[in-house]
Each structure stands twice: as structure tokens, then as C-alpha cells.
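K.L.:
Can you make the complete structure from the sequences, with help from the hints?
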Amino acid sequence: MTTGTTSPADPVRTPAHPGADAPTPDRAARSERLSALAQQHGALVTLVVAVIVASLSFDTFLTADNMENMAVSSAFLAVVALGMTFVIVTGGIDLSVGSLFALGGVLAAWGSRYGTAVALLLPLAVCGLVGLVNGLLIARSRLAPFIVTLAAMLGARGIMLAVTDEGSKTYLVDKDTFFATLGQGKILGIGAPVWITVALFVAGAVVLRRTRFGQYVYAVGGNEDAAALMGAPVARTKIAVYTLSGLCAGLAGALNAAWLVSGVTILGSGMELEAISAVVIGGTLLTGGFGFISGSLVGVLLLKVIQNVINQIGSLDSAYQQVVSGAFLAVVVIAQTWLGRRRRVL
Amino acid sequence: MLSVTGLTKSFPGVRALDAVDFTARAGEVHALIGENGAGKSTLIKVLTGVYRPDAGEVAYAERPARFATPLEAQDAGISTIYQEVNLVPLMSVARNLLLGREPRNRLGLIDFRRMHREADEALRDLGVRVDVRRPLRELGVGAQQMVALARAVSVNARVVIMDEPTSSLEPREVRTLFGVIRMLRERGIAVIYVSHRLDELYAVCDAVTVLRDGKVVHTGPLADLDRLRLVALMLGREIGEVADEGVTKFTGEHHAESEPVLRAERLSVRHRLSGVSLDIRPGEVVGLGGLLGSGRSETAKAIAGALPPDSGRVTVAGTSVRTGSTPAAIRAGISLLPEDRKAEGVVPGLSVRENIALAALPRLSRLGLVDDSRVDAIVDTFMRRLRIKASGPHQKVGELSGGNQQKVLLARWLAMNPKVLLLDEPTRGIDVGAKAEVQKLIDELAQDGLGVLLISSDMEELVEGSDRVVVLKDGAVVEELTGSAVTPDALLSAIATTGGPAGAEAGAAGGPAAPQHLRETS
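Those protein sequences? They're chains A and B, same order as listed.
Numbering follows the working numbering, in which position 25 of the first sequence is assigned residue number 25; successive positions increment by one, without gaps.
Numbering follows the working numbering, in which position 9 of the second sequence is assigned residue number 355; successive positions increment by one, without gaps.
None of these hints come from the bench; they were simulated from the model.
Where hints are given, some of them may not hold.
Taking CB as the label site, the calculated pair distances span [stated by the list, open to error]: (1) B:693 to A:206: 56 to 64 Å; (2) B:372 to A:141: 54 to 62 Å; (3) B:834 to A:287: 54 to 62 Å; (4) B:715 to A:206: 52 to 60 Å; (5) B:831 to A:142: 33 to 41 Å; (6) A:287 to B:704: 52 to 60 Å.
Okay, the calculated bits of chain B under chain A, using three or more residues with CB under 8 Å as the criterion [unchecked claim]: (7) 452-461; (8) 658-664.
This structure is a prediction, so every number in the text was calculated from the model and none was measured.
Beta carbons are placed, not taken as given, at the ideal position from N, Cα and C, and that holds for glycine.
P.N.:
Below you can see the structure in the form of C-alpha cells.
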């Protein structure tokens, strides 16, 4: 990241070791670093390979249309995964994001008749509030994140159904509004949601890596007791990440509504699991304390490429998509555990 | 600088602090001592804002103070180093060192270049040279403790509290620590020093406060108090009695049979052990000596199946045991009392009863159902035999003192009727009284015909407690001392002479896997 005066490989820093059969510390350090690299960039390498294989196998894969389409459809999941990354790095989990995504979309579509500001702020306010309540319950009342966000998931879906008369009512977005442009517009031939997502990821990466808040997020996930004893605001950090996750889910829902020009009520179920998969595939440890924003983006893209390839095959039922995604997740988790153990041994 | 008056704090069933008065003055190193459960940890936690007192006043810099959180205490200038390293292993050394105080640029973003430089300088001041960008967990425990120390003194602290800072340090690191403490004293900082090691107290402390059962039994200059009197105050026993009992509770030689009950042959684990062989006969206590990182714990773990060896054999009473499997080792009669009670031993949320019965459950159940009366009988026996101090079998283990937690663990393994008991630092971090009891127990167990492997950093404990001492260095056996050859001097020279001092230091500092450097400051 930053370049110090000496590199980690500088031999002056590595101690000499007796014993002929003991591997040199250089080799141990290199092996350690390789494991770390694999953990960080394994998903990226896999993504590149998947893209190459897919473009060689299908003429229709590497077309501008298909690429743009994939990028836009990845954008919404990516924004959800962004918030999820913060939550998972603190060692938590947020199951409410799928419901909040749907709720955000419906609220945005409903609010769009009152202007872009309402269409954006209403879902952000409601979903952010749900996230805040999640955070308060988890941090202050010390309830398990799994249960709290599961309750929020059911609750948010209930609100969404209430707003839409049991899902029978679909609010439409007027295509001529600025709000619709946020979903439908294109800059340099690439959809607006993609640009927004990229901007959010850059901001998210800066926040996680370069701010004090980001350090607290890692510290809370890495060792909560130690973080508290070191004076880190543990409760506030947790409240912040769940609020952030709620906001991300609401915004993703709103953008999705703008893209579809309607608030589709059946979307979002199972999305929380997709987001969690993407984050974990991207190298973030489910146990917390270790992870990257960029990895989550790669994880999302990888899931979408797999999805796209299976669609391209055509003859395969789309149900196989989930089989492949699931198998993939299992492989990643096994690899992570293996790498983690290896690194601890070293 | 920091004082409390009439401080009282109760927990369910226990009055941890009872009207305690305590004053730490600027430029003074104040020893806070007492047996486990005397209230030292509670007092520290009140001083640092972790607990809130039920009654009493805290005054800081002549003004009443009440810290609601550790952060408030820290901001006010009270830093703490805890006994067990309380840092975040996955984060880099620099991030740990400066968490919450990261240098920032104009945009409010962390300036990593400056952060790494500052962290490096802070550690160099303490004579520690490590790559501050590497994750903390790659460092040895001693070096991690030094990072915690650097963190504590690098804030503008006016009070530094050290809770058994030396329990995982090597002598060399202890000297560095003492240098730092003296430097703090010269700067007019109040140091509160908690330790069970009397040598250390007399080496570095000016004043002493002795706690017993939540009350202050003595406070005053340390120089006025001789060791015997100090121990007597802590234990609440008569002086003659203490002197009679000697330094440790071991009685000496045991009657060992000739056929080994446990035989470990050429155990090797990549990076950590190379061809360690040892025998333990029934009724014999075999000590495992060596410096931190020499492979003592790894040897015990490899024997107990907790660390899969790449090669080598373990046999119990002539039958070979599948290596790398804890259940197989337990079935064969090998029990390991691990070094890290907190992480590898007790389940703090479960009761004393459940903790003791945990490993023996398969033996205590019929058709998958646990036989409660048999569990009760066993728990009752061991609670009495090991003199476990708890309000009852249903008290949570997390609420017990360290010494009693250790006894619960010992009871858990004894309930398995083991043939061989591997004890990794059985008396670390527990008070003098409990230590003596545990030592006595080890003796009794050996007399009952158990084979015992004893790992201890306490030289006296190792020498007096063991019939034989196997000395390890860099993961290999370098010497075996038997009978009258088991003396502190012989042990020291066995550790020191072979391989050369440079090798010993590098190996001890981190082992082949954790590149790090520790050097003396002066």
C-alpha cells in the first residue's frame, strides 16, 4: 500500500535461523505472502479465467450489449454487497437486506410521483431507519445479529406487502423524470447505475481502508473485547454498519426501481444470501476482522458471470445457476479456511 | 495522581471489592498484589472504566472522576496493559498500535506512511524491531505484549496500569520492560504494577498495596516489607508456616516404574518440531525445559493429538496411538491441560459441573443419555479433592478466579482417568496459594502412578517438580537432565550453551515462522 524505507523482503529484517532442515524464513514469509495473495485475489483470478473461458465458448458473451447488461444487473446486488461487507467485517450478518431492497424499490416508485428527492430520500430514510434499529438492538441490547436481522427481514417484507395491497399493486415510475434517468440513463454508453455503483465502491473502499471508522470496523470484527479495551467505540461502530447496510439496500432498491421504471414487489427475496455469498467469495472472512471492498465487487461479478454463462447455455435449467453458485461458494469457503489455517501455521 | 476511597463492587454472590482505599502517586511504581480472587482485576477494571463501582469515590488528578468507558479513561490519560494480550491479531502491528489515534492528513484520511513511521519509532524505543505492516498475529506472544506496552505508553499517559505484563515475556524482554517502567517513573508517571513474581516487585516497585478477599490488608513502601512478610500478608498465614513450606509445594523424588507409560518417538512438525523423542514412566514427573518458542507446547500438543505431526510415533503402554487425533489420544489415556486457559480450555459460560463433565460425557452416558447421578458424584469428588472454590457446582466458570478455573480444567481431565497428564504452564497467572495447591496436586497425582509431563517457565517449579527434565531448543531435544543433575544451573547451561546465543535468541523470539527481531535498547 504505502512504500516504507525497507520492503518486507529486506533480508536485514529477517532473522537468521539455525537448523538445516528448518525452511528459511524467507521461504516461510514468501509462502505466507502467497497465501495472503491467494486469499485477496483468488476471486479476481477466477473471474478473469471465467470471463476468458466464457468469451471463447460463446460468441454472444463478449459483446458490448451483453457486457453492459451484466454490468447494470450486477450494480444493484453490488450496492447491497457493499453494505454487507462492512457488516461482515465486524463479524456480523444482515439478513434484512433482501426485504429492504424490495421495500426500497416500492417506496421509491411510489415516491417518484412527488419528485426525485422523495423517490430517493423516502427509501433511504425507511431502510436506514430499519438498519439503525437493527444496529441498536444488536449493539445495545446485545442480541444476535442473525435473529435481529431475520426479524427485520420478515418485518420489512410485511411493510412492503402492506404498502402494495398484498403485492397486488405495482407503482410505476414516469419515464420522463430525472429519477428514471438514474436507472435508465447512460454515460459513455454505460448505464447510470454502473457509474453510481463504481463511485460508491470507491467511497466505500476509502472509508474502510483509510478512515478511523474503518479501522474500528476491522478491530470490532477482529477481537471485540480487545477493541473495547483499546477504547474503540464498539457499539457505535456496530450501529453504523447496520445503518449503512440498510441505506445501501434501500438505495439499491430505489435504483433498481428506476431502472425497471416500476416498484416490483417480487424482487429481493434471497438477495441477502446472494450478497453474503458475493462478500465471502470476495475474500472477506465470515468470522470478521478481515476483508476488502474490492473483493465484494469481484464476488458479485463472478456470480453474475456464472449466471450469464448458464443462461447462454440455454439448454440448462436456470435452477442449475444456484447449484453452481452454491458449489462455488462451498469451494471458496473451503479454500479460505485452508489458507487461513496455513497462514496461522506459518 | 489516581486514588480511590471506600470503593465497593459486588458481583452475584461475591463482594469483589470491600471499601478499598488506594492511591497511586505520580513518579511512583505501585505494586498491587494479592491472591487470585483478592480483587486486583476488579479494582483495575473500575479504575479503567470497564466496571462502575457500587459505592466509593475515584479521584484523578485531585478531582473526582467517574469513567464510564475505557475510552474515557484512556482519553483522560490512564493506559492499561492487560495480562492476556488484548489486541486485534488480524490487524497490522501499526494499526493495533495506533488504533483510534491514527495520524491523518488534511482530508481526514489515515496517513499510512506516517502511521508506519510512528509505530516503528515507538517500538524501536522499546528495543523491538518488527515489520509494523505485518499482521500482529505473526508475532510471538512476547513481542505482542511489547506492542501493547508501546501502545500504552505512546499516548500521553499519566497513569499506566500493568496487569501481569511479564507473564509471557522472556527475561530479556522483562529487562526491557523494567527499563521502560523506570523511564516512565522519571517522567513523573504513576505506574500500577500487578504481578505474582516477587523478584519483579522488589526489582522495580516503590510502594505496595496488598489485597485479600476484596479488602486492603497492607499499604506502604515496599522496602519496609521483607518477602516473607509480604507472602504472609497475601496468604493471610503465619510467617513460620510459610517458611516451613518452602518455595514450592513439591516433595521431590517419586517412585517411577521402569517401563514407560508414554513413549513419543521422533515427532516432527514442519517449522516447529524436528524429531522430538521422550519417555514418561508411571509415577514420574518429566519436565520440559526451554525458552519461549522452543517447542514445548508444540511437543505436548503433538503428543495429545492437537497438532498433527508430519512424522513420528506416540505409544501409550506399548500400544501405538493414532497421531493428530485428540479423541484417539484421549481414549489412549493422554490428557492435555493447555497453556491458554481462556482460548483452549474452559468454557466460561458453562457451569463448573458442565465444564468438569464435558470431556467425560461419553463415558458417563448410557444409550446417549447422560447419567446425572454419576456426573454429580464425579463433580463432587473432584471439587472436594482439588479444593475448587465456587459457590456451588452450578456457578459459571467465567466467574471463578484464574486458579480455580485451572483446577476445573484439571478436574475435567482427571475425570477421564488418564494414564498420562500433560500440563502446559499449569500455574501461570494464578496466585501463590493456588499455585502451591496445584503443585501439591501434581505431586499427589504422580504418587498415584500417573505419568506427568510438566511445562513451566518457572525455573524453580520445573526443577523442584520434575524427576527428569528434557530440554528443548528450536524444536529439538538438546539435553536430558536426570536425578541430581536437575538443578537450575544445569538447566540454564543446557538452554544457553548449545547452538550459540545468537541462535537461541532468534529461535526464542519467534521460531522459524514468525520473522521478528527483538533487541536490547542499551
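K.L.:
Within 54 to 62 Å or not, the Cβ separation of residue 834 of chain B and residue 287 of chain A?
P.N.:
44 Å, violated
K.L.:
Within the assertion that chain A covers the stretch 452-461 of chain B, do at least three residues meet a Cβ-to-Cβ distance smaller than 8 Å?
P.N.:
holds (count 5)
K.L.:
Has the stretch 658-664 of chain B got at least three residues whose CB is nearer than 8 Å to a CB belonging to chain A?
P.N.:
Not satisfied, violated; 0 residues make the cut.
K.L.:
Between residue 372 of chain B and residue 141 of chain A, is the Cβ distance one that fits in 54 to 62 Å?
P.N.:
Violated: the Cβ-Cβ distance is about 41 Å, outside 54 to 62 Å.
K.L.:
Is 56 to 64 Å respected by the C-beta to C-beta distance linking residue 693 of chain B and residue 206 of chain A?
P.N.:
41 Å, violated
K.L.:
Just to be sure I understand the hint, the distance between the Cβ atoms of residue 715 of chain B and residue 206 of chain A should be within 52 to 60 Å; is that true here?
P.N.:
57 Å, holds
K.L.:
Between residue 287 of chain A and residue 704 of chain B, is the Cβ distance one that fits in 52 to 60 Å?
P.N.:
23 Å, violated
K.L.:
A range of 33 to 41 Å was offered for this pair. Does it hold for the Cβ distance of residue 831 of chain B and residue 142 of chain A?
P.N.:
56 Å, violated
Hint violations for this structure: numbers 1, 2, 3, 5, 6 and 8, all remaining hints satisfied.
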